[in-house]
Every structure is written in C-alpha cells, then in structure tokens.
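Chemist: So the chains spell out like this:
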Amino acid sequence: MIKIGVVDTTFARVDMARYAIEVIKEHMPNAVILRYTVPGIKDIPVAARNLIIEEGCSGVITLGWVGAKTVDKYSYLAMSIGLIMLQITTGKHIIDVTVHEDEADDPKKLVEIAIDRARKHALNLVNILKYGREALTRYAGKGLRQGVPSPGPIIP
Amino acid sequence: MIKIGVVDTTFARVDMARYAIEVIKEHMPNAVILRYTVPGIKDIPVAARNLIIEEGCSGVITLGWVGAKTVDKYSYLAMSIGLIMLQITTGKHIIDVTVHEDEADDPKKLVEIAIDRARKHALNLVNILKYGREALTRYAGKGLRQGVPSPGPIIP
Amino acid sequence: MIKIGVVDTTFARVDMARYAIEVIKEHMPNAVILRYTVPGIKDIPVAARNLIIEEGCSGVITLGWVGAKTVDKYSYLAMSIGLIMLQITTGKHIIDVTVHEDEADDPKKLVEIAIDRARKHALNLVNILKYGREALTRYAGKGLRQGVPSPGPIIP
Amino acid sequence: MIKIGVVDTTFARVDMARYAIEVIKEHMPNAVILRYTVPGIKDIPVAARNLIIEEGCSGVITLGWVGAKTVDKYSYLAMSIGLIMLQITTGKHIIDVTVHEDEADDPKKLVEIAIDRARKHALNLVNILKYGREALTRYAGKGLRQGVPSPGPIIP
Amino acid sequence: MIKIGVVDTTFARVDMARYAIEVIKEHMPNAVILRYTVPGIKDIPVAARNLIIEEGCSGVITLGWVGAKTVDKYSYLAMSIGLIMLQITTGKHIIDVTVHEDEADDPKKLVEIAIDRARKHALNLVNILKYGREALTRYAGKGLRQGVPSPGPIIP
Chain X
1 MIKIGVVDTT FARVDMARYA IEVIKEHMPN AVILRYTVPG IKDIPVAARN
51 LIIEEGCSGV ITLGWVGAKT VDKYSYLAMS IGLIMLQITT GKHIIDVTVH
101 EDEADDPKKL VEIAIDRARK HALNLVNILK YGREALTRYA GKGLRQGVPS
151 PGPIIP
Chain Z
1 MIKIGVVDTT FARVDMARYA IEVIKEHMPN AVILRYTVPG IKDIPVAARN
51 LIIEEGCSGV ITLGWVGAKT VDKYSYLAMS IGLIMLQITT GKHIIDVTVH
101 EDEADDPKKL VEIAIDRARK HALNLVNILK YGREALTRYA GKGLRQGVPS
151 PGPIIP
Chain S
1 MIKIGVVDTT FARVDMARYA IEVIKEHMPN AVILRYTVPG IKDIPVAARN
51 LIIEEGCSGV ITLGWVGAKT VDKYSYLAMS IGLIMLQITT GKHIIDVTVH
101 EDEADDPKKL VEIAIDRARK HALNLVNILK YGREALTRYA GKGLRQGVPS
151 PGPIIP
Chain L
1 MIKIGVVDTT FARVDMARYA IEVIKEHMPN AVILRYTVPG IKDIPVAARN
51 LIIEEGCSGV ITLGWVGAKT VDKYSYLAMS IGLIMLQITT GKHIIDVTVH
101 EDEADDPKKL VEIAIDRARK HALNLVNILK YGREALTRYA GKGLRQGVPS
151 PGPIIP
Chain V
1 MIKIGVVDTT FARVDMARYA IEVIKEHMPN AVILRYTVPG IKDIPVAARN
51 LIIEEGCSGV ITLGWVGAKT VDKYSYLAMS IGLIMLQITT GKHIIDVTVH
101 EDEADDPKKL VEIAIDRARK HALNLVNILK YGREALTRYA GKGLRQGVPS
151 PGPIIP
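Protein chains in written order, with this note's numbering: chain X, 1 to 156; chain Z, 1 to 156; chain S, 1 to 156; chain L, 1 to 156; chain V, 1 to 156.
One or more of the hints may lead you astray.
As the list makes no split between identical chains, a pair holds if one copy fits it or if it spans any two.
Under the rule of at most 30 Å between Cα atoms (straight-line distance), these lysine-lysine pairs were calculated in the DSBU-like manner [to be verified]:
#1 Lys130 with Lys120
#2 Lys25 with Lys69
#3 Lys108 with Lys130
#4 Lys130 with Lys69
#5 Lys120 with Lys25
#6 Lys92 with Lys108
#7 Lys108 with Lys69
#8 Lys3 with Lys92
#9 Lys3 with Lys25
#10 Lys142 with Lys108
The hints are simulated quantities; they were obtained by calculation from the structure and are not laboratory data.
Model the full assembly from the supplied sequences, consistent with the hints where possible.
Modeler: Dropping the structure here:
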C-alpha cells in the first residue's frame with residue numbers, strides 16, 4: 001500500500017490540494033492520501049517530514065503560497081532549503097508547488113496558475129513514484145512549465 | 001502532561017509572549033508552559049532546541065522582532081533556516097511569529113500586529129497539537145493572515 | 001564497474017544530458033550511465049542523492065536551467081546549498097551545470113552555452129573520476145570557463 | 001568549573017574581547033575564559049565549535065566585524081547560519097556580537113558601538129549561563145538594544 | 001606527520017596555490033601538502049571534505065575566484081555555508097581565500113590582491129595549526145586585511 005502526502009497552508013488563497021488530490025486519485029486509485037495543513041510555508045517542511053518519517057509516505061506534494069515582499073521571498077528560500085535537506089536525508093521526492101502572489105495582478109489569473117501548477121506537479125509526482133527515475137526522461141530538456149505556458153525546447 | 005515552549009526576546013518591543021500564553025492557557029489549561037527569553041532572533045533556535053530536547057516540549061511558539069535593515073533580514077533568514085532544520089530533525093512544530101519593524105510606520109499599529117499575530121499563531125499551535133495534521137484543513141486555501149487583514153480565498 | 005549519474009530536468013530548454021552522456025561514453029566507455037529526470041532544479045538534489053546512495057554512482061553531473069526572476073535565483077541558491085551538503089556528506093563529486101535563462105537574449109546563444117557547458121563539465125567529471133584530485137591541477141588558475149569564452153589567466 | 005569561550009578576529013578594528021572578558025570576569029570570577037582568535041567572521045563557527053566540543057565550554061561569545069559590501073553581508077549570513085546550526089546541534093548558547101562597518105561613518109562612533117555591544121551581550125551570556133531560560137524574561141519585549149540606544153517597549 | 005590541504009580551481013585567473021604552498025613550505029617544511037583542483041567554487045567544499053576525511057589533513061586552505069554577477073555571489077554564499085558546515089562537523093580549519101572579479105577593474109591589481117591574500121591567509125593557517133587558538137590573539141581587533149591595505153585598529 002503506497003502512501004502519498006499532501007501538505008498545504010491556510011495562508012494560500014486557493015485550495016490547491018483539492019486539485020492535486022484529484023490527479024493522484026485518478027492515476028493511483030489505490031494510494032492512501034494523507035493531508036497535512038499548516039499555517040504558512042515555513043511550517044511546510046516539518047509537515048512533510050512527519051508524513052515521510054512518521055506516516056511512511058513514499059512521496060509528498062507541497063502546496064505553498066508566497067507573499068510579494070522581500071521577506072516573503074526569504075521565507076520561500078528557507079522553506080526550499082529545508083525541503084531539499086529533508087529530501088537528501090530521506091531520499092523521498094517532495095514536489096514543491098509554489099505560487100507567488102506577485103506572479104499576476106489579476107486574482108483570477110492566480111487561480112489558474114495555482115490549479116494548473118498543482119495538477120501538473122501532482123502528475124509529475126505520480127509518474128516518478130510509479131515509473132522511477134526515467135519516468136520523465138522523454139520530456140527532458142523540453143522546456144515544460146506548470147501554471148504558465150511552456151516555452152518548449154529551443155530548436156537550434 | 002503536555003509541555004509547550006514559548007520563546008521570546010528582549011529585542012522585541014511588545015511582550016508578545018503574554019498574549020500567546022493567554023491563548024494557550026485558555027485552550028489547553030493543563031499544559032505546562034515553559035518560557036525562554038533570549039536577546040534577539042538569532043538566539044531563538046537554540047532556545048527552541050533546548051525546550052524540545054532538554055525539556056520535552058511537544059511544540060514551541062517563537063516570538064521574534066526584526067529590524068528594518070538588510071542585515072536584519074539576513075538574520076531573519078538565518079533564524080528561519082535554523083528553525084526549519086530543527087523542526088525536520090525533531091518532528092516538532094515550531095510556530096514562528098515574526099513582526100518586522102518596517103511593517104508599519106505607526107508604533108501603535110505594530111502593537112496591534114504583534115498581539116493579533118501572537119494570539120492567532122498560538123491558536124494554530126494549540127490546534128495542531130490537540131487535533132493533529134488535519135486540524136487546520138478546513139481553513140486550507142482560505143487566505144488567512146495573522147496581524148493583518150485576511151484577504152480570504154480567491155473566488156474564481 | 002563504475003557508475004556515473006546524470007540528472008536533468010523537464011524545465012530545461014535544451015537536452016543537455018545528451019551531450020554530457022556523449023562525452024562520458026567517449027572517455028569512459030565501460031562506465032554505466034544512470035539517468036534521472038526531474039521537473040526542476042529544486043528536485044535535482046534528491047535525484048543526485050538517490051543515484052549516489054541507492055544506485056552507487058561514483059559521481060554525478062547535474063544539468064539545471066534557471067529562470068530570470070529573483071525567486072528563480074533563490075531556487076538556484078537552495079539547490080546549490082543542497083548539492084554542496086550532499087557532496088560533503090557523501091564525498092562524491094556532483095558537477096553542477098547550470099544555464100541561466102538571462103545569460104543571453106538570443107535563444108540560439110543559450111543552446112550554444114548549454115551544449116558547451118554540458119560537454120566541458122562532463123569532461124571535468126570524467127577527469128576527476130579517472131585521475132583524482134590532481135587531474136585538473138595543470139589548469140589551476142588558468143581562467144577556464146564553460147559555455148562562454150575563457151578569459152584565461154591574468155599575465156602579471 | 002565553568003568554561004566560557006570568547007572568539008574574536010584579526011579583521012575587527014576594535015579589541016572587543018577585552019571588554020567582553022572584563023564583564024565575564026566581573027560577574028563570574030571563577031569561570032575559566034578561553035580565547036580563540038581567527039582571521040575573519042567565516043572562521044568564527046569552527047572556533048566556537050572547538051571551544052564547545054573540544055574544550056567543554058558551556059557558552060561562547062563571538063565578536064565579529066563585517067565589511068560594508070554585499071559579499072560581506074553574505075559572509076555574515078553564512079556565519080549566522082553556521083552558528084545557529086552549531087547551537088542547535090550542541091544546545092549551547094553562542095551569543096553573536098557583530099559590528100557592521102557601515103553602522104556609522106565616524107570611526108569613534110564604531111568604537112562606542114563595539115564596546116557597548118560587547119559588554120551588554122557578555123552580560124546577556126553571563127545571565128543565561130547563571131540563571132537559565134528565564135534570566136532575561138523580565139526584559140522580554142522591552143525593546144533592548146546593544147551598541148545603539150534602546151527604543152524601549154511600545155506603550156499602546 | 002602533518003598534512004595540509006590546498007584546494008584551487010580552474011576558474012581562477014591566478015595560480016594562487018603556488019603562493020600559498022610557498023608560504024606553507026617555508027614555515028612548515030615537514031608538512032605534506034596535498035593539492036586538489038576543481039572546476040569552480042561550488043566544487044571546493046567536497047574537495048576540502050575529501051582532503052580532511054579521506055586524506056587526514058589537519059587544515060585546508062581554499063583558493064576561490066568569484067565572478068561579478070549576482071548568481072556568482074549566490075554561488076559564493078552556498079560555498080561559504082558548505083565550508084562552514086564542514087568545519088563545524090570536522091573541527092578542522094578551512095581558511096577560505098576568495099578573490100572577487102569585481103574587486104578591481106585593473107587585472108594587474110587583481111593579481112596583487114590574489115597573491116597577497118593567498119600568502120597572508122596561508123600564514124594564518126600555518127600559525128593556527130602550529131600554535132593553536134591564541135596564535136593570532138596578539139592581532140585581535142587590529143583591523144588586518146589580506147589583499148588590500150589594512151585599515152588597522154580604530155584609536156579611540
């Protein structure tokens with residue numbers, strides 16, 4: 001029985017977990033999904049840690065929302081370092097979905113970014129968990145993006 | 001018997017611990033609250049560490065105050081990295097309340113931010129400790145803030 | 001039997017791994033090359049970790065692509081810290097090839113940078129793995145670059 | 001027998017250790033003071049580590065001096081992260097006194113800052129070592145500063 | 001038999017190791033010097049690690065060269081964090097000589113900086129290794145610099 005963790009925050013302005021969970025359920029119907037909600041992005045690493053270490057999750061998707069100020073970006077940096085340290089300690093993938101408040105002026109646009117990014121990265125996690133290190137190799141260097149249009153590969 | 005740690009500083013200009021402790025006592029009257037006061041934010045991680053490792057606290061709330069200069073923000077970043085590393089080492093939540101001196105020009109406004117943020121994050125900590133990883137899930141993606149007005153979720 | 005890891009991303013806009021693998025195969029025809037593709041640069045450290053710890057790779061080359069925004073640079077910083085921590089934990093070289101979207105306005109130029117950098121750093125990795133700590137000493141202080149023209153040593 | 005470490009640098013332009021040691025001797029006449037001098041701030045963490053791990057110091061005060069350039073501030077950040085990681089590994093307080101070259105234009109003012117900061121933080125360290133986690137609690141939220149005037153608490 | 005490590009890069013535009021080695025040989029004629037050359041500054045920490053852990057070096061001097069761009073400075077920050085973490089793990093001094101491409105417009109000036117800095121820090125390392133934690137104490141607070149003129153102590 002495979003367990004997959006989903007970490008989200010009350011700070012976020014879109015319920016991204018809903019979309020991530022939909023994708024995971026569709027592609028891994030037998031997986032057990034464990035959700036963990038924390039206040040903000042700096043609380044995400046400990047939640048991911050507990051899902052992996054205490055609950056035995058094989059992989060985690062985290063859904064963060066970052067404010068527009070410089071200190072918010074520093075919080076993002078601290079979270080990113082923490083999640084990377086946790087991954088190299090445990091060997092488990094933690095796919096980090098982050099939406100930045102300043103990615104778009106229009107809130108409706110932010111929703112689109114958030115949903116698309118959550119869906120596509122949930123699929124990335126599923127594929128890595130199901131098919132391993134070469135699951136995404138056919139897309140290597142293809143210039144894929146999540147939440148925004150993919151520029152695609154540069155054709156020399 | 002559950003122990004909860006409260007870390008604060010002499011640098012801060014508001015006694016935030018008082019408000020955090022009020023909330024914890026109200027919602028967890030049987031909890032033992034251990035307070036640890038340090039000079040400034042860079043001293044907070046070792047205090048949180050000692051409360052968790054030496055004193056057996058199940059969770060910690062830290063109450064930091066950050067100056068307006070670039071180096072103050074770097075100190076904030078270092079503290080944040082330290083608290084995250086400590087959390088992923090111990091598995092214990094350390095809810096980090098931070099007030100930035102440049103969040104408001106009016107000192108009275110800073111007091112309001114500090115008190116509200118301390119109270120709301122104390123409640124966040126209480127809820128996670130009492131009800132676990134889904135305690136806050138009903139608020140996931142709801143755009144909650146502490147100390148400033150909550151923008152709420154984006155309605156697509 | 002020596003194993004060499006190659007980590008790349010779907011975010012990158014050039015299939016740099018192809019060029020790195022060509023070079024490795026040419027200079028170490030008996031090496032087993034293990035490829036690991038992840039979504040973006042923040043996923044690179046765990047892939048490198050798994051190639052070293054789980055698969056027994058003696059060295060890894062990582063092929064990252066970094067956006068032009070400030071937060072992309074913070075992601076680059078987090079990845080770099082992670083790769084360095086992993087290297088000082090394992091003692092294995094992880095040669096980090098990174099192309100920054102803002103290194104050139106012309107996409108064709110970016111392709112040239114990417115290919116040259118991947119090739120030259122693949123050769124660096126090969127030489128360190130084959131000949132050890134003094135393999136590159138004859139080039140020490142020679143002002144070598146990858147992907148851009150080498151300024152060469154300063155002649156006093 | 002309690003041992004206290006004092007780390008300073010040849011980069012600093014004021015012999016801050018002299019003032020820190022005066023304060024420690026005055027308040028803890030039986031303490032053994034071990035001094036460790038290094039070139040610059042990036043060498044401070046290993047000195048603090050050796051004083052704690054090899055020499056058995058119960059606490060350390062570090063006296064750093066930081067240049068005005070951006071890279072100097074990055075060195076400050078790296079040092080701060082290192083000292084915090086060391087503290088959460090050992091549980092020992094390392095009170096970090098830092099003077100920034102750009103805190104004042106007048107060198108005489110820098111001397112005043114350095115001496116006052118070294119003295120006051122030496123006293124902070126003494127109090128924490130002698131009286132524990134609540135030694136400073138009576139000053140919590142009081143807006144205390146070292147080297148510059150204390151703004152004091154905000155009176156709502 | 002004492003072993004001393006010297007790490008340098010092919011990226012650097014001056015053969016700083018030559019000058020560092022000269023100084024070490026002059027002051028510690030019986031020391032065994034182990035050299036390790038890597039492509040760039042982000043590869044320095046693993047080389048220093050291998051010299052300490054695998055080869056048994058008692059101390060290391062690293063000779064880095066940093067580009068002028070913001071991302072180069074982030075690489076510098078990542079390297080600095082790595083070297084500090086390695087030092088607090090091993091207890092061995094790693095004296096970090098860094099020349100920044102933007103320290104001078106005139107390449108001849110950069111050579112002067114590089115040579116002087118390498119020499120003076122090699123001597124710092126030698127003195128710490130030979131005479132221990134108080135070797136440099138007579139210069140504490142003396143405002144010493146390497147590669148640029150020393151401002152000296154501030155005379156109050």
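Chemist: One pair to classify: lysine 120 and lysine 25, alpha carbons no more than 30 Å apart. Within, between, both, or neither?
Modeler: within (14 Å within a copy, 34 Å between copies)
Chemist: How would you label the pair lysine 108, lysine 130 (within, between, both, or neither) given a Cα cut-off of 30 Å?
Modeler: Answer is neither; intra-copy 33 Å and inter-copy 36 Å both fail.
Chemist: Indicate which option fits the pair lysine 92, lysine 108 if close means a Cα-Cα distance not exceeding 30 Å: within, between, both or neither.
Modeler: neither (33 Å within a copy, 36 Å between copies)
Chemist: Quick one: lysine 130 to lysine 69, C-alpha cut-off 30 Å, is that within a copy, between copies, both, or neither?
Modeler: Result: close neither inside a copy nor across copies, 38 Å intra and 32 Å inter.
Chemist: Have a look at lysine 108 and lysine 69 and pick one of within, between, both or neither, based on CA distance no larger than 30 Å.
Modeler: Cα proximity of lysine 108 and lysine 69: in one copy and across copies (21 Å, 22 Å).
Chemist: Under a CA distance limit of 30 Å, which applies to lysine 130 and lysine 120: within one copy, between copies, both, or neither?
Modeler: within (15 Å within a copy, 34 Å between copies)
Chemist: Checking lysine 142 and lysine 108: alpha-carbon separation at most 30 Å within a copy, between copies, both or neither?
Modeler: For lysine 142 and lysine 108, both the intra-copy (28 Å) and inter-copy (15 Å) Cα distances are at most 30 Å.
Chemist: 30 Å Cα cut-off: does lysine 3 pair with lysine 92 within a copy, between copies, both or neither?
Modeler: both (12 Å within a copy, 21 Å between copies)
Chemist: Tell me, please, which holds for lysine 3 and lysine 25 at an alpha-carbon limit of 30 Å: within, between, both or neither?
Modeler: Answer is within: at 11 Å inside a copy they meet the 30 Å cutoff, but 36 Å across does not.
Chemist: Check lysine 25 against lysine 69 for me: Cα-Cα at most 30 Å, and say if that holds within a copy, between copies, both or neither.
Modeler: For lysine 25 and lysine 69, the Cα distance exceeds 30 Å both inside one copy (35 Å) and across copies (34 Å).
The structure fails to meet hints 2, 3, 4, 6 from the earlier list, while all remaining hints are met.
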